[in-house]
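Student: This is what each chain is made of:
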Amino acid sequence: MELILAIVIGALYAAGLYLMMRRNLVKLIIGLVLLSQAANLLIFTAAGLRSPNAPLIPPGEKYPVGDFADPLPQALILTAIVIGFGVIAFTLVLFHRAYQSTGTDDLDQMKATDT
Amino acid sequence: MNWLIISPILLPLVLACIMLLLWRHPVWQRWTALGGMVALVGCGAGLFGVVYVHGVQSEQLAGYGAPFGITFVADLFSSIMVLASAILGTAVTVYSMTNIENRRESFGYYPLLHLLLLGVCGAFLTGDVFNLFVFFEIMLMASFVLLTLGGERGQMEGAIKYVTLNLISSAIFLAAVGILYGMTGTLNMADLSNQVVWIAENRPEELPLLTILAMMFLIAFGVKAAMFPLFFWLPASYHTPPPAVSAIFAALLTKVGVYSMARFFTLIFTHDVGTTHMIILVLAGFGMICGVLGAAAQNEFRRILAFHSVSQIGYMLMGIGLIVMLAHRDDEIAHHAVQMGLAGTIIFVVHHLFVKPNLFLVSGVVERIGGTGELKKLGGFYKTEPLLAIMFLISALSLAGIPPLSGFWAKYILVLAGLQLEQYFIVFIALLTGLLTLYSMVKIWAAAFWTDVPDDSPVHNAAHMAHAKHGIRRMIYPIAVIAVIIVLFGVFAGPIFDVAMEAAAQMLDPSAYIEAVQFEEFSPTLGRGEEADS
Amino acid sequence: MSSLILRTAIRYLFPIIVLFSIFLLLRGHDEPGGGFIGGLLGATAFALFAIGYSVETSRRMLRFELHQLMGFGLLMATLSGVVGLILGEPFLSSAWIEIPIPGRPEPFKLATYLFFDIGVYLVVLSITLMIVYALAEE
Amino acid sequence: MKMFVANLLLAVVWSLMSERGTMFQLGVGFVFGYILLWYLQPLIGHSGYFTKVLQIARFLIFFIKELIVANLRVAWHVITPASFFKPGIIAVPLEEMSDLEATLLANVLTLTPGSFSVDLSTDRRVLYVHVMDVDDPDKVRREIKEQYEKQLLEVMR
Amino acid sequence: MFTLAFEIVPIASLITLNMLAVAMLIAMVRLLRGPSLADRVVALDLIAALAVGVITVYSIYTNQTMLLRAGIVVALVVFVGTVAFAMYLEKRAKP
Amino acid sequence: MLIAVLLLFALALAAPLIDRAAGRWTGAVLALGPLAAFLIIARWLPDVAAGETITQVHAWADALDIRLSFYLDGLSLMFALLISGIGTLIVFYAGTYLEGDPRRGRFYAWLLIFMASMLGLVLADNIISMFIFWELTSVSSYFLIGYDHHRESARKSALQAMLVTGGGGLALLAGLIMLGVAAGSMEVSQIINEGEVLREHAWYLPIVILVFAGCFTKSAQFPFHFWLPNAMEAPTPVSAYLHSSTMVKAGVYLLARLNPALGATDVWLYTLVIFGGVTMLVGAYLAIRQVYLKKILAYSTVSALGVLVFLTGLSNVDSPEAAQYAGKAFAVFLLAHALYKATLFLVAGTITHETGEKDVTKLGGLRRKMPLTALAAALAGASMAGLPPFFGFLGKELLLDTTVKNPDWMLPLTIAAGVAGFLFVIVALLIAVKPFWGALKETAQHPHEAPFAMWFGPALLGSLSLLFGLFLNPLARPIIEPTASAVMGVPQEVKLALWHGINLPLMISVAAVVLGILAFLGLPIISRILKPFDALNRIGPERGYYALFNGTLKLASFQTRLLQSGYLRVYLFITITMSVGLIGWQILQLDVLPIVDQFREIEVVPFVIENLYTLIVAALILIGTFGAVHSRSRLSAIASLGVVGYGVALIYIIHGAPDLAITQFLIETLTVILFVLVFYHLPQFPRISSVPARVRDLVVSVAAGVMMTVLVLIATNLETEKISDYFAENSYELGQGRNIVNVILVDFRSMDTLGEIVVLVIAAVGVLALLKLKPPREQERKNNPHEADGREEAS
Amino acid sequence: MEEIINWTFQVVVVFLLLAGGIFSLIAGVGIFRMPDLFTRMQAAAKTGTLGVGMLLIALVVQFWEVGIFIRAALVILFLFLTAPIAAHLIARAGYISGERLWRKSVCDEMKGQYDQVTHALSSGKWKQDDP
Ligand code: NA
Ligand code: NA
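Protein chains in written order, with this note's numbering: chain A, 1 to 115; chain B, 1001 to 1534; chain C, 2001 to 2138; chain D, 3001 to 3157; chain E, 4001 to 4095; chain F, 5001 to 5795; chain G, 6001 to 6131.
In isolation and in its complexed conformation, chain A is listed as follows (with noise of 0.2 angstroms):
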């Protein structure tokens, strides 16, 4: 199981970079969305893979019932899914002000500010 959802992160982080060293803002920011996703995943997967139950106290219990899974890396990844989004929303307007503004979306034509 982990060696599957390892490889998965594997492929997402390489596709994410991959994209990212594009000339093209959308891909770009597609590579993000990407790395993103491969940085919640592996939080999830190296906590580890310990149940397939929620962590939820049942009804009329104090403490969960049997296994279930751990809910750390769970809260964790909702907080960076929820920053992931407001990040990536952001970036997202921020590439299509920077092509309303330079007229292109060719990554090599915007490095006025560098040279």
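Incorrect hints may appear among the rest.
[Stated by the list, open to error] Calculated lysine to any residue pairs in the SDA-like style (CA-CA distance at most 25 angstroms, straight line): (1) G:LYS6125 <-> D:GLU3143; (2) F:LYS5774 <-> B:SER1106; (3) G:LYS6125 <-> D:PRO3081; (4) E:LYS4091 <-> G:TRP6102; (5) G:LYS6111 <-> D:PRO3137; (6) F:LYS5774 <-> A:GLY103; (7) A:LYS111 <-> F:LEU5682; (8) B:LYS1443 <-> F:LEU5548; (9) B:LYS1383 <-> F:GLY5100; (10) B:LYS1376 <-> F:PHE5549; (11) D:LYS3150 <-> G:PHE6080; (12) A:LYS62 <-> E:ASN4063; (13) F:LYS5774 <-> C:GLU2138; (14) E:LYS4091 <-> C:MET2001; (15) D:LYS3086 <-> G:GLY6098; (16) G:LYS6125 <-> D:SER3098; (17) D:LYS3065 <-> G:PHE6009; (18) B:LYS1383 <-> F:ALA5154; (19) G:LYS6104 <-> D:ASP3136; (20) B:LYS1383 <-> F:LYS5156; (21) F:LYS5774 <-> B:ARG1030; (22) F:LYS5722 <-> B:GLU1520; (23) G:LYS6104 <-> D:PRO3081; (24) E:LYS4091 <-> F:PRO5683; (25) F:LYS5774 <-> B:GLU1520; (26) E:LYS4091 <-> C:GLU2138; (27) A:LYS111 <-> F:LYS5722; (28) D:LYS3065 <-> G:ILE6022.
Honestly, the hints are just simulated from the structure, not real lab data.
Given chain A, work out where chains B, C, D, E, F and G with the ligands should sit, using these hints.
Tutor: Leaving out everything else, chains B, C, D, E, F and G with the ligands in the frame of chain A:
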């Protein structure tokens, strides 16, 4: 204590909320912001005072003990950073009232400034790795928005690089947190520190795994700190927003990276300093040279300043990197010198936190009057704005490490530590970099202050000058105040060094930090047992 | 989009989604859900309106100004943490008042985390809509 | 009166959404439903909602039957070579009906055999339907009107 | 107590789960192939519907009723996504 | 002593104000400052002459061993008196020299800072304090040299001086720190007693080299001498001050100061003698090749500095007698040179001030127009030429005595000293005789005798050259003897006499004077002969400076073009490669085989059957990823991205994370909506990068991916105790919630959540600002689409 | 008796599960095999919805609780409401953006009825004369 340690994040947060509610009243936001910043200075000073007198302070947020709840810890280094950031924030707020146009003000400039400080202060104070990530993201997001606020083309282009590279760093940070949790099962920094010691004693075969983690955090913080060769976002973007924003960025953003690196590589990753800190040291050296050469190649006021930061980050990392010698020497002199090196880093960080922004603030006045930041098109400021010239000089010479200003002390302490630790090469680079820094400062001076006013300068236009001079005092006063701080920094170098040594001592011996954190006893079988009965 | 079928469907879907989002918010402490999820779902409902009708209509449906909602939500979440501070506990510590409910064995607990979650809900709802509206108006 | 029914419905839905529907939940649901309906006043206009239970039941059974048939037919189409069917879009003129009725009709048509609603004309007079087997367009039109439109309108009115 | 030699529901769930997964894969091929955007959107929509199915079956398989809530949200929200795509398609078609 | 230094610093800050208030009396008023300092220092003259040393300590940064401590012995007294004494006259002189210049206030500020620093430098006991003053002299001289900053040459020369002396200064810093560490003290008064320790120390050689680097650059020793003549861009009072007694002598001072501590080794002796000797000759030669008054003086200063270094070196020779002579000669020559050089510079300034002419060949016959100036020049010139009974004579005699008395290298050193003396004569004649004697030449301005302030100083100093010579023992000895003692490190008994009998040095002296006069008369001819050799200047060290300077700038722009290229993909490539390198390198240090073995044990068929749906969902994600990478159309990339998101959500469902799955589904959908809203505006897809670039990027990305896979496997392979049980067990009792994840979010770790909504708020404000707040120009274009330049409508 | 009911329930669940799975599979195959957008949607909108619906009913039978019933009903309601509308929107948008019918299609009475600019759909020959 409850209030004091949380105030550096609570205050900006509440005020930012209020300013958001005052969205349509930018002028009210201004004064709210200023009041908030002043209050923040008070909180920072109070926190520093308490820590200075009573030692490391901590708080378990939401009342859950470590390592389960989120810990806030204030030691000397972090409280100094909070205080310094607040002072700088106040200065920049005043400056912004003139420097930031109304259209920017009315799109949340002041709340953003506060939220940026919230992120920064949170990053300084938190004792939890994931919480640090969250504060990094707050800071980062606020910086994204401040960087792009105004929508100029240059801002967009710079921001793309800034955003992308910083997001890569965030992704690495997040991955590192994930792996860290997977490997150690905890997120609390003090607990991690204990774990590392435990692993070193009981399962030494797992130590290389910690080194891998160290490398991940090194990269993540390295990007934020603009460490060589991860600095590209900085020269690409720092000069694009209004100078007030450049200033606050130069003051705070990279510092948080350096701070985190200093924290992690003294508190947690001390198991293999021979490898990890050597890498830091080498990269520090490259950064110094590379940054200063980059600055030498620039021809615009703020671009020079921006590129320079890369080099100064090198200095800051040097003090951390010098810990490498603990892998080879265990004598008292070495320990003292390592402590001194770390104190050098702390002093350099604080020094740079005032000096570099002040230069950016000066550049803002120069650009406002001269109409441009291009050195070729500037001139005559020594003649027309002698006071500004003096304040530039104080800051520039301090940056170049000219005694007795703040930069000299920072450099001197690092060099002294480096020599005592027999790291001659890095000392050589540090000194050489100092010379080149001097060169690029002098370059600005000669071009913008010494040359005559160019004929096509807008300075000759009376209408322009009337507009430029309007409200310029609110730009000059903060510059003057920081300049005074820089001078005082040199005058009181002795006590400042003593405090920095104390702070470094706290960092190098994490026991005070760990003891301050309120751990909670928890034995996981208890609940299960009850459940089994029922 | 000017599809009558869609608009009609939205009119009936909208209340269900909003109701469900509030349900997710309030039951989130015991079952899957919570402030984010509720807020996001609520935002989806309004976004649906913005797409099917217009941003203006959607805004009118919302009635509150987004900035205010956002600032209010954030303030609410923050202040729910301050309650603990005022009571001498650390920041964000929970505090609650027990309200006995007739016909129910357990009293209802009006707890700070509830306000925290409502704050989260409001922030998530308002920021999502802010982004969607701004983009849709471009 | 209509409002009250709607409100009650919302309250029931609320109470049932949680694990154990209780009177307490019903009360809470009622309050929320009330607020919601009050809030949505500009949205929910007048809608005739007299329901004949029998008609509904009959229609539901008819609908489920049609649904299953439809699926089997699609399955057949999927399995057999493509040349077995003769698709096309035909226009079905509609009676006067409310938005809801038109929408439901479109939905029902989509879920039932061989047809799916592409769009409703802007003047709401014609429903364009994509049909899998068009032998005679007029025949299809007639079937749709008699089987579905008529029955649905009966239920709705 | 009458018991079967083996639990048939879990096995059936597993089989169904795999059928759903395969269906998703096939739909994925359509998504990649297109040719038009509308085709891809249809495929995406179907994949989302199948995801609801997966959640349902998995609830049965692991005996967790709480998972169904995810199904409700998916059903609701995927629709919104599809609407957005459709809007994009239409907007793009404007001359 | 601190009071003297601080007084001058304070006066510097007040100078601009005083300048405004005092008007034409500024010079006189400000001169009171250095005069006071002079008197304060002079107070200790009797004590020092009696062989005492005075130490004063003020705390500063004690933990760093940095104190504002002062140490007064003969050497520092001599320098301090010169600095404040000549300083008084210079300040007085400059008031008139710069009459009417609006920049005079600033000029005084820098001059007084310079003076204060110089005073601090020579008085400091703590070597780091000394270094601080040292750097301040470099900085303030930058502003003095660049006084006429509207001229590019002034800016360039100032920069050159700053870089050369600043570079040396940094070396010196390292050297001084090492010196302090090695000696175990940062106080000069201690260090000079640690000679034994230092010479044995492993750091001895580096210390010496670094100190040399600092001193040679500062004191313009060959090959760093070039900056000094260029520094003549400064106003003449500054030149007079910098070159007679101060800045350039700081290096000499330090060498002499450390002579007892670091001397008495071969490397010290030979280096100083060789560099000093060469500088002495090169400087003097170059001096006579100049025509501008100040350039002549500047090169002669270089030469004189050479002499002083030369003598410092020689004070370490084996022969005690020669060494003693060297020490004595050093002290005498130092004083003599300061007196006559300051005079001559001021005279040169007066000449230029009155005539507007700098070229000595175009001057003549001024003695009638400006008799007092001529007198002062004559006095100083005589001293420089080494004529008895002037004080300069004694200096030259002692120099020759030293070389003659030293058995090693006697001949070459004596010849060198003799030649230098000969060249000095020519220089003296050029400055002191040429402009004043002969026929009056036409100049731009009509010369008059200079105002009082401008002749008083030169006249006084010139007279002192004579007075010191005449009253050697009562006047000069009290200061010469302790100075020599300080240089030698042991108390010296110094007896001064002009007349040593007819001996070899005297004969050489006489020869030098005679030949010098002859050469002066034949100078035009000699110049013509020497002309071709000027070509050598082109390969001189200044060329080296410029080569290094420009080379550095070229390297800088090359490096910047290479690294900061502006291509985001390059930045990313470097960043990713760096990460893969650092992390991957550490992974390779590990023994990964156990992990691999663990997976080797997996039986394929049962594994596949058991994990079939996971595998298929994984395949779904992978295909979606592939689609996102490979897709040619944007929207299908987005759709693929959606599938990836849904797939990940299913993974969360499968592993018991319904909250996560719901959030993921929602976010995914919202993201799709945002993409759709934005991409509606963006142009069609993509430009394709070159195949090698793609292959390169692919390799790096795949490496990064593999690395992450391995990392995950490593992390999951460890058995670790996690903190999460706490949350499970306390969720209901402490957090009052059954959904543990939610309880963590709103209670246990509510700070994370609070932070996270802050991020969202900021993001929303950002989006709003980006979309609604456009630059005025762009906004305008949007409002008047007819005027649009069409670029934005390109889609 | 209880066992028999239990057993029957299990069989029903298994039947519904398998049937739902098969219909879903058919939906997948259908969307893959059908020749044009509209025929694909015929497959997806019907089979997918029914397949998932059956699975939901299986869930209800399996757990046999009121809460589950309501929630499953809710999902089914959503699905049956939204799936056809989504199909309609895509079809409409696809048609407007130039999606053509399969070449063997018999007729297209919608052809030319969309306004190019406003995307208003005319009712063609059934258009009423009065406004
Ligand atoms: Na210029
Ligand atoms: Na709480």
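Student: Hints first: check each against the structure and report whether it holds.
Tutor: Verification of the hints:
Restraint check for LYS6125 of chain G and GLU3143 of chain D: satisfied, since their Cα atoms lie roughly 19 angstroms apart, inside the 25 angstroms limit. As the CA atoms of LYS5774 of chain F and SER1106 of chain B are separated by approximately 13 angstroms, the hinted pair is consistent with the 25 angstroms bound. With a C-alpha separation of about 35 angstroms, the suggested pair LYS6125 of chain G and PRO3081 of chain D falls outside the 25 angstroms cut-off, and the hint is violated. Under the criterion of a C-alpha separation no larger than 25 angstroms, the hint pairing LYS4091 of chain E with TRP6102 of chain G is consistent with the structure, at around 24 angstroms.
Under the criterion of a C-alpha separation no larger than 25 angstroms, the hint pairing LYS6111 of chain G with PRO3137 of chain D is consistent with the structure, at around 15 angstroms. With a C-alpha separation of about 15 angstroms, the suggested pairing of LYS5774 of chain F with GLY103 of chain A holds against the 25 angstroms cut-off. Straight-line distance between C-alpha atoms of LYS111 of chain A and LEU5682 of chain F comes to about 20 angstroms, which keeps the hinted pair within the 25 angstroms bound. In summary, the hint linking LYS1443 of chain B to LEU5548 of chain F is supported, as the alpha carbons are separated by about 17 angstroms, within the 25 angstroms threshold.
At roughly 16 angstroms between alpha-carbon atoms, LYS1383 of chain B and GLY5100 of chain F fall within 25 angstroms of each other, so this suggested pair holds. With a CA separation close to 20 angstroms, the supplied pair LYS1376 of chain B and PHE5549 of chain F stays within the 25 angstroms bound. For the given pair, LYS3150 of chain D sits about 20 angstroms from PHE6080 of chain G by alpha-carbon distance, which is consistent with the 25 angstroms threshold. The suggested pairing of LYS62 of chain A with ASN4063 of chain E holds, with an alpha-carbon distance near 20 angstroms, which does not exceed 25 angstroms.
Annotation: proposed proximity of LYS5774 of chain F to GLU2138 of chain C holds, straight-line Cα distance about 12 angstroms (limit 25 angstroms). The straight-line distance between the Cα atoms of LYS4091 of chain E and MET2001 of chain C is roughly 9 angstroms, inside the 25 angstroms bound, and the hint therefore holds. With a CA separation close to 21 angstroms, the supplied pair LYS3086 of chain D and GLY6098 of chain G stays within the 25 angstroms bound. At roughly 22 angstroms between alpha-carbon atoms, LYS6125 of chain G and SER3098 of chain D fall within 25 angstroms of each other, so this suggested pair holds.
For the given pair, LYS3065 of chain D sits about 22 angstroms from PHE6009 of chain G by alpha-carbon distance, which is consistent with the 25 angstroms threshold. For the hint pairing LYS1383 of chain B with ALA5154 of chain F, the CA-to-CA distance comes to about 16 angstroms; that is within 25 angstroms, so the pair holds. Among the hinted pairs, LYS6104 of chain G with ASP3136 of chain D is consistent with the structure: their alpha-carbon atoms are about 15 angstroms apart, no more than 25 angstroms. Taken as a hint, the LYS1383 of chain B and LYS5156 of chain F pair is honoured in the structure, with Cα atoms around 19 angstroms apart against an allowance of 25 angstroms.
Our distance criterion of 25 angstroms between C-alpha atoms is met by LYS5774 of chain F and ARG1030 of chain B, whose separation comes to about 22 angstroms. With a CA separation close to 15 angstroms, the supplied pair LYS5722 of chain F and GLU1520 of chain B stays within the 25 angstroms bound. In summary, the hint linking LYS6104 of chain G to PRO3081 of chain D is supported, as the alpha carbons are separated by about 13 angstroms, within the 25 angstroms threshold. For the suggested pair LYS4091 of chain E and PRO5683 of chain F, the alpha carbons sit about 14 angstroms apart, so the restraint of at most 25 angstroms is met.
Restraint check for LYS5774 of chain F and GLU1520 of chain B: the C-alpha separation of about 52 angstroms exceeds 25 angstroms, so the hint is violated. For the proposed pair LYS4091 of chain E and GLU2138 of chain C, the alpha carbon gap of about 13 angstroms is at most 25 angstroms, so the pair holds. At roughly 47 angstroms between alpha-carbon atoms, LYS111 of chain A and LYS5722 of chain F are farther apart than 25 angstroms, so this suggested pair is violated. Between the alpha carbons of LYS3065 of chain D and ILE6022 of chain G the distance comes to roughly 18 angstroms, so the proposed pair stays at or under 25 angstroms and holds.
Violated hints, listed in ascending order, are 3, 25, 27; each of the other numbered hints is respected by the structure.
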